[in-house]
Each structure stands twice: as structure tokens, then as C-alpha cells.
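Q: So you can see what is in the structure, the chains are spelled out below.
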Amino acid sequence: MDLELDSISVDGIVDGISLSAGTGEVVGVVGPNGSGKSTTLRCVYRALKPSGGAVLLDGRDLLSLPLKESARRLAALTQDSHVEFDFTVAEVVAMGRLPHKGAFDRDTERDHDLVTDALRRVDAGHLAERSFLTLSGGERQRVLIARALVQEPDVLVLDEPTNHLDIRHQLDVLALVRGLGLTVLMVLHDLNLAAAYCDRVHVLDGGRVVAGGKPADVLTPDLVQAVFGVRAHLVQHPVSGVPQLLFEHPEVSP
Amino acid sequence: MTAVRVARTSPLVVLLVVVLAASVVAGVALGPVSIPFGRVVGFLQAAVTGGRIEAVDAGQYRIVWDIRLPRVLLAAVVGAGLSVVGVAIQAMVRNALADPYVLGISSGASVGAVAVATLGLFASLGIYAMSAAAFLSALGATALVYLAARTRAGLTPLRLVLTGTAMAYGFQALTLLLVFQAPHGEAARAAMFWLLGSLGGVTWGALPVAAAVVAVGTAYLLANARRLNGLSMGDETATTLGIDVVRMRRRLFVVTAGMTGVLVAVSGAVGFVGLMLPHLVRMVVGSDHRRVLVVAPLAGASFLIWVDVAARMVAPPEELPLGVITAALGVPCFVFLMRRRGYVFGGS
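Top to bottom, those sequences are chains A and B. UniProt numbering puts the first residue of the first sequence at 1, with every later residue one more than the last. UniProt numbering puts the first residue of the second sequence at 1, with every later residue one more than the last.
Same shape as in the complex, but just chain B (with noise of 0.2 Å):
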């Protein structure tokens, strides 16, 4: 029985792990500009050994070190915390069609990253007043929601959903309204373009606060892997399970909370990543939490470094936002998923 389960999932991670290290120097290799895949691996050992590269080779080197290995890496730390995030949210709010965004707090990130681009506001930053201001306004979003969702009785599924929507429509509404009052086109394609998710841009330096926020994050569901099966069951069994149903949903609000500021600020409101992937891994593992966060996050990585090659691939030199791809493979997923035999998409 679990036995089954457990023989079946190792060999699925190691599997999945092999995956991402091709998807990694795949992610790398590709673009506008393709760089063969050995070289790549080659530049990758230089790098990191310390080993020598020629002087023709520095052009290479500098796309593959400087450009496309910082965004191939946030790629996969975002596509890691999306899903992971997307796990914990939809047994926190008990809800199978929840996702990183449904709290609302992408949608308060995105008026202040809308604002910086409409405004100018955080001018001084440079490169990173968009994300400082994404943090800083879904830090806002996180609390008021928050405020608003929670009773004496501690935060209820119901409650957070509903409140989340609502803040939601507002946040957009805002962040319409910047879009509309922008000085020039530029900045309000810069703003939908910011909405809908992109890599484009990253540097080294946005890379380790996102990785640590997302290992840390991870690390701490996985401890409560075990607690958020009992969850799922409903407050009244977790209780009788020994669960303490308020303290754990408020952390795990905060946690979920913390981890999609920092991965919409970094790369934007990724649209299906944290709704489609928790599905798609269930239907392969089951809904064993302990198994679905190991997976999950190994498959939403390798997944959305494909997404953003293909952003970079389909329209060369254009960019497309990785919402678009997201959405134009995520809808006719779900539908699959939803009309296939023996999966039962959400509680009875």
C-alpha cells in the first residue's frame, strides 16, 4: 500500500532531478542566440571550477554567466516556489481551485511594481525599485487582507478566499487605473508586461534571496507535511488529530504570504504554475503531502525553464510574457484534467 507509493516516488525524483540539470544547460543553451550544449557545460565547469576560458570564447561566456545561467536558475526557483506555495495553499484554504494568487497579494504587489513603472517612484533604486516596491505594497496586501479575513475563531478558509478575491479586484482595479494614467505607452507596456511575468532582465543579484526565501519556505512545509494531510481533512478532525487549526493556518498565511511576495516580485504574477502543477503531481503521487512537496517543487521548476525558453524562442527578438504561455498550456491542461476518469479534482 504506502509501500507502493513511496517505491514508485523515489525513482520519480530521481528521475526529475535528472530532468532539471538538463533542463538547466537546455534553458542555458537555447535563445536567440543558441550556444551548443557542450560548450555550455563546458563554460558551466569553468565557471564554477575556476577552470580557463579562450579570449574568442568571452563573448559566449558572458551570455551564458552574466544573462541566460541567473535567469535559467530564477526560472527554476520560481517555478519551485510557485508550486510549492500553490500546494500549501490550496490545503490551507481547503480549496482544490486555490492558487498563490488567490490571497490577493500578487495583485497588491503589482500596484506598487505598476506604480514604479507608470510613476517612477523608487527612482534611486534602479534596476530593482520594481521588486522593492512589488515586496513592499504585497507586504501591505498581506496585512490588510490579513486584517480583514481574520475572526475571533482564527483565520477561516472561506474567510481568507473571499477576502483575498475581493482585495484582489481592488488591488487590480488600482493598478488598471495606473496603467491608464501613464504618461507614455512604454511605461504601460512595461506595467502589462510586468502583470502577466517575466524573466527578462535578471540578474545574479535577485537570484540567492528568492532561492534562500523558497529553500527555507519549502523546508518549512515539508515539516508540516504530515500536519497539512490533517488539515486537509477538515479543522474539526485536525483538531482531534492534535493539530492546532488556527496557530497553523496563521503561519502557514505567513509563510505562503512571505514566499509569493518575494516570487512576484522577482519575476512578476506568473500566471497557472501554483494552480496546475499541485494537480498535475497529485494525479501522479496522490495527495500525500510528504510526497506531493518533494515532487512538486522539482517539477515546477524544470517547468517553467521551458516556459521562459519558450518565451525567448517563439517570437525572436521579442519577449513574451510568461503569463502567455503559461495560460496558453495551463487551460487546455486543466480541462484535460478535469474531464479525465479517476482523478476527483476537489472534495464531495
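Bound-form chain A, shown alone (with noise of 0.2 Å):
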């Protein structure tokens, strides 16, 4: 399924966005602080209703729809992680199953299945009886994809899924993210992850988007002095050949 966003806009902070990603594709969003990353991507999961455009999946408008039903279709994991009782990982994970259930309907035989394929397929079947507030946050962000999955949507969006962990957790989380076959929108922060892991990525500056399109046409030295201030040096991934930045902070450079 895919998803594009048709100009939206949101007074003051984003104007005319229009980006998209194709079925199956993982496309990333980067750009510097107050951009407008996260603003966009709330308009996606309708956390924030935007003042103009429109969010289209498979050419439907996402925003006229029930909350209930496009939860069935778009999942997102958001940078709001407090959790304020102590639910364990199996019941965090059934949460998923909440857009597909009415108001006295018991889990099936199904939804205990999918949330327990969901943990497997993201490595925390051991997980389950845990309580989340203990885990990790390497661990929790996989537990929270779980849940994404068991809503099975079409469309996974993600808010800076690699926030707050170390290197390995990143690289696990961004190729299990890759792994999943979904269509992805995600904000990054790491221009080498979003260009190691992304088919595609848009760059937001000011609440615009300047460039989209492969990692190596758009991710260059030139657009990263421009939008970010910084200078940088493209060198080639040794291993896996992916174009890389290599940064010079201003004030040190001779």
C-alpha cells in the first residue's frame, strides 16, 4: 500500500509537505531541529490534525476516515513512551489488537497467536511475561514494534525509532524495521543510518521539504552545509559500498 502526503501544512511550523513511499519501501525523513519531522509525522498517525493537504493511502484520504479505521492500516511508534502501570510485555503487545476489537469482544485463539508470532518475529518471545517498565531500550523499542505489527497494518510509521540506543541496538532495529516488508515512513536523526537503511529520504528544512529522493543523489556535502550548517565528506562504506558522511564541526575546520 502506499503513502503520500499532498502538500500538508500546519500554521507556522510545516508548509505544503508532499512526500511519499511506495509499497514495500522504507523511506526516511531527516533534517535539523524544528524542521518539522515530527510535526509531519504526527499529521500521518493523526495525532495532529493538519490546517491543510491531505494524507492519502492508495490514493484514499487517510483523515476522513474512523480513527478505528485507519489504526487498521497505519501503525506508528511515537516518541511518547510513558507508560504509567505496569503492564507486561505480552499485554503492552495485545494493545495492537485494540483498533480490530469492539467493546466486549474477548481475545481469540487468533489475536493470542499473532502477538505471539509478533514477539518472535522481533526476538522478545522470552520477553513476554515481563513487566516493560524493566526493559531495556533496546528492548522495548522491539516489543513496540510487536505491537505495531499485531495491528497489521499496511504502513508502519516510525518517530526516531533508533532515540536513546546504542550502536548495535540501532542497526538491530533499523534492519528488523527493513526486514518487516511494510511500507515505512521514518524520521532519523543519523544521516549514515538513514542513508545505510533507507530506499529513499526526504530532507525538511524549515517546515519545507529541499530535496528527496536515493541516499546518494540527496545526501550529499553540499545539501548538509546548506541545510545544516556543517561540513561534511562523502567517503564510500567499505563493506557495503553505501555512500557515508564524515563531519567537520565549523569552528575546527582550518
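Do not rely on the hints blindly, as some may be mistaken.
As the list claims (entries may be wrong) - Not the full set, but computed from the structure, chain A residues with beta-carbon under 8 Å of chain B:
#1 V10
#2 D11
#3 T78
#4 D80
#5 P99
#6 A103
#7 L246
#8 F247
Hints are computed from structural coordinates only; laboratory data are not their basis. No residue lacks a Cβ here, since even glycine has one placed at the ideal position from N, Cα and C.
Join the two chains, each given in its own frame, into one complex according to the hints.
A: Right, here's the structure in full:
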């Protein structure tokens, strides 16, 4: 299922953002702090109503659907991960069934199977009975991806899924996301991770899309200089061959 | 996994129903005039099936049927209601330390009730004057808190807690002013008693309304149990799970405020039940609201029956306010809860 943002605007923050993610494509959104990345994403997962524009899922207007219905097509990992109560991992993952359930529907055999399968897919089956609050950052992120999976969505939206993770867990989470086979739109801070794990990237600056395309075409030293004000040198990853950037602090540069 | 918990919950529910039935009988039997359990059961049977009572038993039958039973049943209803409201409010404002009184509604109700006790308002309503005044001022307080906390983005948890707390201080100041201005000590004492909660002087009149409100409110919350789980994960996450957070919180506010208003009107402001019981229940059955909302009312009902028994029995013929007993039980229990390993009290 393909996702298309058609000139999304939020007064004073983002102005006419248009970008897309084709079926099964992993698309990154990068840009400096305050460039409107998270705001754009919040419009997609409907935490924020844009003042203009449309979000289209296979050409259909997502924002006019009932919330429950859009939640069956599009799952999201947001930045608010504050959990007040002591839920088990299995309970947290089972919450992904919410959009498929009426008020008095009971959990079926299939619901349990979906939870078990999803936990196995993110390699967290052994955590099922643990308290969610006691998990490490990397484990939490994997469990939340499992929750998104039991939602059975076509599109997955992630807001900085690698935040606060060590490098090993960053790579694990992104490899996991890539392997899901879903249409993915995610905000990333790390340009090199974006270059390594995204099919395409969009660069936001000042609430507008300033570039979009294959990482190799978009993430150039010129663009980094223009958008981030940082000098960058392009190198090739010695093993995978993907373009990677080495940065230079402006004041340190000769 | 979840199946294990379900298997563990059903016997617990059966056990709690048995305990509740036993508590009702014990609550009726125990008091300054103790009545043997067998006779209590016999009287209740006779009352329900229309059997005959010997003339010599008429006095005891009156105590059982007219005085003790409505009081015990109301204790059960109030205990159940406060526990359920506590669970719902903690989820609604996403704060483990919230209780039914955090929204300022009970403090608002106190103003009305104390005004009746000290100024003699609504005298024409007789014994219902305090309840009527408490409920009306609870409604007023609800409206005030709602209007003050409301933003364009709906009711946010933090604003609700802050507004409720601030308003509660205002209402408490008014209440204290009324108590100090009281014409005689007896009025001040009546006001104090009401503030700490009491089921003394309860008749059958108050029971149907309170029971109906608690039953309907609990049913509504049970129907929303899955969504309360979602709401506990944060507003944005709840939205991505298909929950209209703004509308849900508004409805929860109305339901919990209405329930609190009615409960406070019939029993005064009994503290600690709505804070403690939800945590005790979560410790046993976990945080899934589909289990918590089934177990909490049963546990809360039995709990308050025994609290009321203690209130009658500790220093007869004087009765203690319920709040004194719940605090005496609640504070150590709460400290124990907080220090206990393995129960993660609130979020991180």
C-alpha cells in the first residue's frame, strides 16, 4: 500500500510538505531540529490535524476515515513512551489488537497467536511475561514494533526509532524494520543510518521539503552544508558500499 | 501468558463474591448489639422470600432489616464505586497517585454538605438535605473544574490534576470557613463527621440511586476497559491505536465526576479506598483493565463493609468516621506497597 502526503501544512510549523512512500518502500525523513519532521509525522498518525493538505493511502483520504479504521491500516511508534502502569510485555503487544476489537469482544485464539508470532519476529518471545517498565531501551523498541505488527497494518510510521539506543541496538532495530516488508516512513536523526537503511530520503528544512530521492543522490556534502551548516566529506562504506558522511565542526575547520 | 492470568482471575472472582456475601452477613451481624449469624441469615431469608418472623424477634429483625442491612449494602456500593472510579481516574489522568478526589469534586460536594450542617440550608428536604446539597455542589464543582481545565486540545492529564488540586484547596477553604462560622459546636462536629465519611443514619432511600449509578458507571468503564489500557500508553500512542483521546477523556470525566458526586453525597468523602484498592488489585491481577475493573469493585465492596464494621465496633456507642479507619489501614498499606519489590508503582 502506498502512502502519499499531499502538501501538508500546519500553521507556523510546516508549509506544504509533499512526499511519498511506495508499497514496501522504506523512506526516511531527515532534517535539523525544528524543521518539522515530527510535526509532519504526527499529521500522518493523526495526533495532529493539519491545517491543510491530505494524507492518502492508496489514493484514499486517510484523515477522513474513523480513527479506528485508519489504525487498522497504519501503525506508529511515537515519541511518547511514558507508561504509567505495570503492564506485561504480552499485554502491551496485545494492545495492538485494539483497533480490531469492539467493546465486549474477547481475545480469540488468533489474537494470542498474533501476539506470540509478533514477539517471535522481533526476537522478544522470552520477554512476554516481563514487566514492560523493566525493559531496556532496545527491548522496548522491539516490543513496540511487535505491538505495531499485531495491528496488522500496511504502513508503519516511526518517529526516531533509534533514539537513546546504543549502536548495536540502532542497527538491530533498523534491520528489523527493513525486514518487515511494510511500507515504512520514519524520521531519523542520523544521516548515515538513513543512507544505509532507507530506499529513499526526504530532507526537511524550515518546514519545507528541500530534497528527496535516493540517499546517494540526496545526502551530499553540499546539501549537508546548506541545511545543517556543517561541512561533510563523502566516503564509501568499505563493505556495503553505501555512501557515508564524515563531519567537521565548522569552528574546528581550518 | 494472558491465558495464565485469566485462569488465575476467575477463581479469584468467585472467591471475592463468596467473601462479599459473607461480609454482608457479618456486617449485619456485628455491631454494638451482636446478632448470631444464623439468625441474620434466617431474617434475610424471611425478608426476601416473605417468610414469617416470631413476634419476639421483631426488635432484632428491625435492627437487621431497617438499620444494618441498608447500611452494609451502601458500604458495599460505596466501596465498589470508589474503587472503580479510582481505577478509571488513574488511567484518565495517567497518574498512579490520583484518586477520586483529585478532581476537586468531593471538596466541592463538601461545601454544600457543610453549608447544610452549619447554616441549615435546604431544611425542607429533611434527612436528604445534606446529600442533595452535596450532589448539587459536586455538579457545580465538576462544571468549574471542567471549564477551567479545558483547552483547545481537550482535557490534558496534567491540567486536569493541577486544576482539580487548585480548586480543591479553594473549596476546602470555603468548607473550613463554614465550619469556623458554625453557630454551635454540634454543627461543626456534624460537618467534620461528614468530611471524613460516615454511613451512620443510612436508610433504604439512598441505596437504589447509588447502586444504579455505580452499576451503570462500572458497566460503562468495563465496556471501555480495552481502551483504558490504550489510554495508559500515552495520548499519541492511544490515538494510533484508534482511540479518540479527547472524546474519551471528556466522557471519562463526566462518568467519574458523576459517580464521585453521588458516592460523596451518600457517604461523605471516604479517603484512601479509591487510591489504595486499585493498586492492591493491580498487584494481584496485573494492570489490564479488563481484569482490574472486575476485581476492584468486589474487593472494594468487602473492604468498606469491614471498615464500617470497625467504625461501629472500635469505640461503641460512639462511631468513628470512616476516613479515620481507612487512613489507619491505608497509610501503612501504602508505604508497604511503595517499598515492596516487584511492583512498579508508577511509570518511568
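Q: Answer holds if the nearest beta-carbon of chain B is closer than 8 Å to that of A/P99; otherwise answer violated.
A: At about 4 Å, which falls below the 8 Å cut-off, the nearest Cβ of chain B leaves the hint on A/P99 intact, so it holds.
Q: Next item in the hint list is A/T78. Is there a CB on chain B closer than 8 Å to its CB?
A: 4 Å, holds
Q: Hey, does the A/V10 contact hint survive, CB to chain B under 8 Å?
A: 13 Å, violated
Q: Given A/A103 was flagged as interface, is its beta-carbon under 8 Å from a beta-carbon of chain B?
A: With Cβ-Cβ at 4 Å, under 8 Å, it holds.
Q: Would the hint on A/F247 be counted as holding, given a Cβ-Cβ threshold of 8 Å to chain B?
A: 31 Å, violated
Q: Measuring from the C-beta of A/L246 to each C-beta in chain B, is the shortest one below 8 Å?
A: 35 Å, violated
Q: A closest beta-carbon separation below 8 Å is what the hint needs, so does A/D80 meet it against chain B?
A: 4 Å, holds
Q: Taking the closest Cβ pair, is A/D11 under 8 Å from chain B?
A: Status violated, d = 13 Å.
Hint compliance for this structure: hints 1, 2, 7 and 8 are not met, and every other hint is.
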